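All chains should be modelled from the sequences, with the hints used to inform the complete structure.
Protein chains: 2
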Amino acid sequence: MSHSPHIVVIGGGFAGIECVKALRGANARITLIDRQNHHLFQPLLYQVATAALSATSIAAPIREVFAKRKDVSVLMDEVRSIHPEMRAVNLASGRRIEADYIVLAAGLRSVYFGNDEWETHAPSLKSISDAIEIRRKFVSAFEAAELLDDDADRSRQLTFVVIGAGPTGVEMAGAFAELSRKTLRDEYRRFDTSDARVILIEGQDRVLPTYSPGSSEQAKRDLEELGVEVMLNTLVEDMDDMAVTLSDGNRVATSTIVWAAGVAGESIGSTLNSERTKGGKIVVSDDLSVPDHPNIFVAGDIAHVIDPKSNAPVPGVAPAAIQMGRFVGRAIKRELNATRNNRPSPDRSAFVYRDKGSLATIGRNRAVAELAGRRFSGYPAFLLWAIVHIYFLIGYRNRIMTMLQWFWQYVHYDRSARIIPTKSYEFRDKE
Amino acid sequence: MSHSPHIVVIGGGFAGIECVKALRGANARITLIDRQNHHLFQPLLYQVATAALSATSIAAPIREVFAKRKDVSVLMDEVRSIHPEMRAVNLASGRRIEADYIVLAAGLRSVYFGNDEWETHAPSLKSISDAIEIRRKFVSAFEAAELLDDDADRSRQLTFVVIGAGPTGVEMAGAFAELSRKTLRDEYRRFDTSDARVILIEGQDRVLPTYSPGSSEQAKRDLEELGVEVMLNTLVEDMDDMAVTLSDGNRVATSTIVWAAGVAGESIGSTLNSERTKGGKIVVSDDLSVPDHPNIFVAGDIAHVIDPKSNAPVPGVAPAAIQMGRFVGRAIKRELNATRNNRPSPDRSAFVYRDKGSLATIGRNRAVAELAGRRFSGYPAFLLWAIVHIYFLIGYRNRIMTMLQWFWQYVHYDRSARIIPTKSYEFRDKE
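In order, the protein sequences belong to chains A and B.
Take the first sequence: its letters are residues -12 to 418, numbered as in this note's numbering.
Take the second sequence: its letters are residues -12 to 418, numbered as in this note's numbering.
I should point out that these hints are in silico values taken from the structure, not numbers from a laboratory.
Accuracy of the hints is not assured; some may be wrong.
If several chains are the same, the list does not tell them apart, and a pair holds so long as it fits within one copy or across any two.
With a cut-off of at most 20 angstroms between alpha-carbon atoms, the simulated PhoX-like pairs for lysine-lysine come out as follows [what the hints assert, rightly or not]:
no., residue 1, residue 2
1, Lys169, Lys57
2, Lys55, Lys169
3, Lys169, Lys124
4, Lys169, Lys343
5, Lys55, Lys296
6, Lys265, Lys296
Computed from a predicted structure; not experimentally measured.
As structure tokens, this is what we get:
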């Protein structure tokens, strides 16, 4: 071959990282592009938002992950468009990059179902910045409550609304309740922190709708024992700075709203001009390539592919993204090897999702797990959840730091990451 | 006594925290007011700015420190004015608080010597937010350099200017140089990270001007061995988005400027209407009270008091602040006890500063120390520096986390805290 083949991977999430790892030794040049400079361990992001973990424990600079891989070049840039016919991408920095293979692993973004203005009131949880903003709002509400004399004002400050009872919403609501009732218990002098209300709102008739009904029941019981008010079959009609209006007509005065209700494929997917689902996911062939574009693959949450075993779409969870990324990386490597040896490309196999089960934690010693058709909860599920999450965290340093912080918290009920960073200049020039 | 006496402490830095600790068992109501919700271990803040430590490792929620002290009430609020005659303070939230004793421990702020507009170009290092902003600028400059084709543009991105060669400036410049030459070495593909320039600018004729000339020499040698360009007898004439103009006429194109040159007493001190130094510090009596206002004390960096042993002002360092805070707390406690037992107040003693020595670190195994008249450097000074800083860090959790991160870094040259947080919404609505 006259030149070493070039592979562009868009997105440094689970799928993108695993794809590049699987391409080790493929004798290719690989360019990994991400808007952020770090891989983020999304499943633990809610723990940053709830002050259990420091942000740096669950993020790894992408460059550091591939520092030793001289075949990998990392660009912190944003892909503005993909040109499938030309196999090229245009970047926000103005550069245009051509490739032999493109792997789109851009993931999902939060959507507000046509109410984009809600975003200013109800941050969602997608980035480190989002998590720190939610933490700031939550901790600041308690600080504000300590300064207030009016009961109604104080109870508004101490009302926290989480919208959407999927795993993120459930984990967030449980952690808010634990923070209020346990961690902060001794720290305020003018009110009882257990008077704080945590309200979890879900449009469907159960929490964790993608889990089995038994797990949903267990999770709801756990949440309620922690003090969370669970409102099912309830939609949000409107929201503003002061309150959320619900479909049952109630108006809930609140200081802090978190949006965990809707996601859709990142908008870059639209530039492929191929079939997409209503949720903006890209409908791919069974080998995860884009129909009519065999050298363009889609992996991770933004890919829509039907699992032949369950006849349902492969779910948008980390293990599926990891499997897809690895699958695509291996497929490309096989083809490059064949070409290099002047053999015909092997037939591509179909992606098969291996469901490893589902895990969600609600609080200390409270979790639900579904593994190999078995359902369990309580301490065993909680412990399994912790072990699995440590195992999948990237980087030994992050694993050790996270274990240490969890251990400390488990023993002391302590969540020391609850600092509110305020810029110096906000205090300036008062003289 | 008809009511339990009320003590207001302004500032949750070293002096404020130590004062409240010393007041344990004084049978008083104590209100501790700070604009931030956390105590910050300032001596290690530059390590957050240079990605060695996570922000949460060097900050402790003030409430958590005093959770068990039911006599202490913590308010996250800003004092707008102090009324010495009425012994009252007015808060930004609108409240007015009266007290039997007021302890002002508000610390210092950065000043730009009449060039306030420089602050937008050259952040100083006073808060967690400042540190994260400096870290963002530094890491982003390397990311930008990887995207640039023009050599001049790239070398501007890779030029870092630190203004002021006191301990903070020296430690910062050394850490920037180590980051560029060691930590980031393998991670960029389009340039050699050791081409990055780190320039340290100092108006006086040596670095660390408050140290002995021998230590200054040693620190300069260490800095230069690490690759820092040290410019002495040099002032900054002007700066903008693109460059710094120096007093020797040179214009240095740079992406990142850090201000470590000037500090002054927090402006709240002016509302006391008592004598202040040019630097805005409050001139206090030898018992640290404000002349003519025996029940108003000043402690920490904002206090100006002459040390009778050296005949020089007590320096603005953490051990001095700790000693002053403790001294004031004990003095107040003694007086309250006397009053409670219907004894006359004991005569107040004069504050005596016990100089524990000076320590500054320049890089791995490089530090200077001055202890009990002896000067040493290299590995012993480095080790001592690490031990002392761990010892003074508040909270066991912070100590363990910091030790662990240091150990990891020492073994691996790794600084994993170099994530750039970007908000999700900055990437929105490109569709």
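Okay, the hints, checked on the actual structure:
In this assembly of identical chains, the alpha carbons of Lys169 and Lys57 lie at most 20 angstroms apart only when taken from different copies (17 angstroms versus 49 angstroms within one copy). Taking the shortest alpha-carbon separations for Lys55 and Lys169, only the inter-copy value of 14 angstroms comes in at or below 20 angstroms, while the best intra-copy value is 44 angstroms. Taking the shortest alpha-carbon separations for Lys169 and Lys124, only the intra-copy value of 19 angstroms comes in at or below 20 angstroms, while the best inter-copy value is 38 angstroms. Proximity of Lys169 and Lys343 under a CA criterion of 20 angstroms is satisfied in neither setting, with 33 angstroms inside one chain copy and 40 angstroms between copies.
In this assembly of identical chains, the alpha carbons of Lys55 and Lys296 never lie at most 20 angstroms apart, being 38 angstroms within a copy and 57 angstroms across copies at closest. For a Cα distance limit of 20 angstroms, the shortest separation of Lys265 from Lys296 qualifies neither inside one copy, at 23 angstroms, nor across copies, at 78 angstroms.
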